[in-house]
Amino acid sequence: MVETGHFALVLAFALALVQTVVPVFGARTGNHKMMAVGAPAALTGFALTALSFVALATAYAGSDFSVESVWENSHSLQPLIYKITGTWGNHEGSMLLWVLILTFFGALVAVFGGNLPATLRANVLAVQGAIGATFFLFILTTSNPFVRLNPAPIEGRDLNPILQDLGLAIHPPLLYLGYVGFSICFSFSVAALIEGRIDASWARWVRPWTLVAWMFLTGGIAMGSYWAYYELGWGGFWFWDPVENASFMPWLAGTALLHSAIVMEKRSALKIWTLLLAILTFSLSLLGTFLVRSGVLTSVHAFATDPTRGVFILCILTLFIGGSLALFALRASRLTAGGLFHPISREGALVLNNLFLTTATATVLVGTLYPLVVEALSADKISVGAPFFNLTFGPLMVPLLVVVPFGPLLAWKRGDIFAIAQRLMAAFAAALLAVLVTALFIDGASVFAALGVGLAFWLICGALTDLAVKSGFGTVAPATMLRRFAGLPRSVFGTALAHLGLGLTTLGIVGTLCFGTEKILSMHAGETVELSGHKLRFEGLYPAQGPNYSEDRGRFALLGADGSVAGEITSAKRSYPVRQMTTTESGIRTIGFSQLYLSLGDEGSDGSVVVRLWWKPLVTLIWGGGLVMMAGAAMSLLDRRLRVGAPARRKPAGALPSASPQ
Amino acid sequence: MTRKQKRLSVIAAGLGFLGVATGLTFYALGQKASYFYMPADLATASLQPGQRIRLGGLVEKGTVERGHGATVAFSVTDNQKDVKVTYTGILPDLFREGQGVITEGSFGPDGIFVADSVLAKHDETYMPKEVADGLKAKGVWQESKSD
Chain G
1 MVETGHFALV LAFALALVQT VVPVFGARTG NHKMMAVGAP AALTGFALTA
51 LSFVALATAY AGSDFSVESV WENSHSLQPL IYKITGTWGN HEGSMLLWVL
101 ILTFFGALVA VFGGNLPATL RANVLAVQGA IGATFFLFIL TTSNPFVRLN
151 PAPIEGRDLN PILQDLGLAI HPPLLYLGYV GFSICFSFSV AALIEGRIDA
201 SWARWVRPWT LVAWMFLTGG IAMGSYWAYY ELGWGGFWFW DPVENASFMP
251 WLAGTALLHS AIVMEKRSAL KIWTLLLAIL TFSLSLLGTF LVRSGVLTSV
301 HAFATDPTRG VFILCILTLF IGGSLALFAL RASRLTAGGL FHPISREGAL
351 VLNNLFLTTA TATVLVGTLY PLVVEALSAD KISVGAPFFN LTFGPLMVPL
401 LVVVPFGPLL AWKRGDIFAI AQRLMAAFAA ALLAVLVTAL FIDGASVFAA
451 LGVGLAFWLI CGALTDLAVK SGFGTVAPAT MLRRFAGLPR SVFGTALAHL
501 GLGLTTLGIV GTLCFGTEKI LSMHAGETVE LSGHKLRFEG LYPAQGPNYS
551 EDRGRFALLG ADGSVAGEIT SAKRSYPVRQ MTTTESGIRT IGFSQLYLSL
601 GDEGSDGSVV VRLWWKPLVT LIWGGGLVMM AGAAMSLLDR RLRVGAPARR
651 KPAGALPSAS PQ
Chain R
1001 MTRKQKRLSV IAAGLGFLGV ATGLTFYALG QKASYFYMPA DLATASLQPG
1051 QRIRLGGLVE KGTVERGHGA TVAFSVTDNQ KDVKVTYTGI LPDLFREGQG
1101 VITEGSFGPD GIFVADSVLA KHDETYMPKE VADGLKAKGV WQESKSD
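Sequence lines, in order, name chains G and R. Those letters in the first sequence? Residues 1 to 662, per our numbering, in order. Those letters in the second sequence? Residues 1001 to 1147, per our numbering, in order.
Since no wrong hints were added, every one of them can be taken at face value.
The following label-pair restraints were derived from C-beta to C-beta distances:
hint	chain 1	residue 1	chain 2	residue 2	range
1	R	Ser1117	G	Arg204	41 to 51 Å
2	R	Pro1109	G	Gly323	54 to 64 Å
3	R	Arg1007	G	Pro489	30 to 40 Å
If the Cβ cut is set under 7 Å, some of the chain G residues that face chain R in the computed set are:
hint	residue
4	Thr359
5	Lys381
6	Ile382
7	Thr392
8	Thr582
9	Thr584
Because the hints were derived from the structure by calculation, they are not lab data. No residue lacks a Cβ here, since even glycine has one placed at the ideal position from N, Cα and C.
Put together the whole structure using the sequences plus the hints.
Structure (structure tokens):
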């Protein structure tokens, strides 16, 4: 099975080369047969990669330690779920997941691309094939997961205990679906540049793919943030770690792309800019892959360091980013500019959004790469952390959030800012009320905290105002309003939901950062501690045994107002004997939208235990907001006008999607 | 607005943004980036009082003292010089005597380094890259410790 997987991977590489060369040649010479090679090649390539991935997963699930990668990252005593998720909990396997998702998206274009112009589809699939081919080559030459060991070891070296968590099952696949999903937008852009032609239908094609990728990336980042929050035991939800930034930059650029694609689709303006953004977004994804996979950074994600890998990915990076930007420089002038608009208009608002987001992306990029550049040039080692990003990213984000509610209400071409300000009066009043209530009734609220809460309410109420205004609230009878509300295009709901989610995330961040409290103390069994009105009693340490670890469980009783036990929180120190590693399992209790979070430290000589305790108000909204944003993207995708396959349904039944050269 | 005016205004706005962002970035890099030092480098470093730095090295054997409460004191050494560090909080799971460590914070008036974070790599072959490179440069690196 393992050799089958290896062989399938080699075949997939060869096929990717065919997919790169033949369709693009066909598109140049107008040969339909050659163009039609793209779709079946993409589908077969996906099937082969899937076979290869299943082969590796089977080796992991069956603990086949004759495979080096399995031996290094698995153990026979691990629960089955972690054996399987361990498939991508290492460098080789995670690269295989990367190409699996890449070929998956290629296959999607092949399946749903029946109504694309034949040359465009051929070129898109060719670019997709080229990306695939380089990464197949990378895996086969530097990161082969199928290498055998002889003689086979009896027992494996265990998966890194930090990764033995359900988070590993969700976070990397979601993140890669987002990262790699942007490759489609990239391929469409390069294809458009190769053809030297771009129109509004191109944007209609690219927008759903951007939405899909953005939705998964949002989920991946939110999931990664929550995982780090509960698993690392530091109580933080975002560390401005270079690896986090690596996923955040494509998200920021992707968000900009999402918005500029709307302008291009609706008004055929900003064509060249949208194209450039699509290229930049995927370039940032590639850069992220380089930063994480090359080992230039020390982090949880750098599974192993091997200089040849870094150089190889750097070459891929140069090839694709350099190549596409060169093509852009050569061809962009051929593309015609689009419609005119007044600065105060929906287009103007979306341009402003793009300016903010791209500048913010640039500051994150500088902060992430600066230490690497400094080290390369001067041997000085510096670190750029949260203080830098708070000072640069923060001031750029706050004004953007302030103007968000205006955007969806503005009319295309020329908007009336005063009329919109009037419509937003209610949202503004709600935000003002939130500021006053926070400042007057919550102890220890700073001016900044109150304004932050106000900003979050402004975003939330602004999103609701958008829906209310568009369904005619206050101008038509309630029955008509309800009917209009139900009849609103789904993309309007999508926008409102996404902006609402943004408001919720903002509220969560402000709540946690400005009103959170923490205590570090050493406790003996039986002692009680109080934090922000919550009383906890330490019951003591109890040893316990897991399948492949042993642990000391610290049990804490949550006491009610009358001193009775209202619940229990446990936090544990786990030790994994195979890797001789200790991990801390944090204890979390969710109360409303807030959480009580505690983490166990070392045991002192007198039997006391160091305990770190946090009260995190509204913290769950940070990730809940992310889920709402995802729901917004999903809602937009369901919009009839956007549905990619919609026109294809009119085709006679039985028509093959690949057999429709137009 | 003509097409040309529109384009100019977009470009002007873009440049304005870029200017603000560049200004912020340079200011923040000057103020907020923290430099990495090993104990022996400190003699030649000119530090402002209270300046945040990252101090890395090995946790010297036999120096870890757990005082009352959650404060821990230990020495960070590069086998040439050592610096006393105090930290209040929970040490990372992989904090061990004789192992590499990076602490971040600033020097107090008494010359003791007050760390507000202690960093660990999540791996049993624990050696932060900066510390490993620093030790190699000082010629006190033992290959057996490397991965």
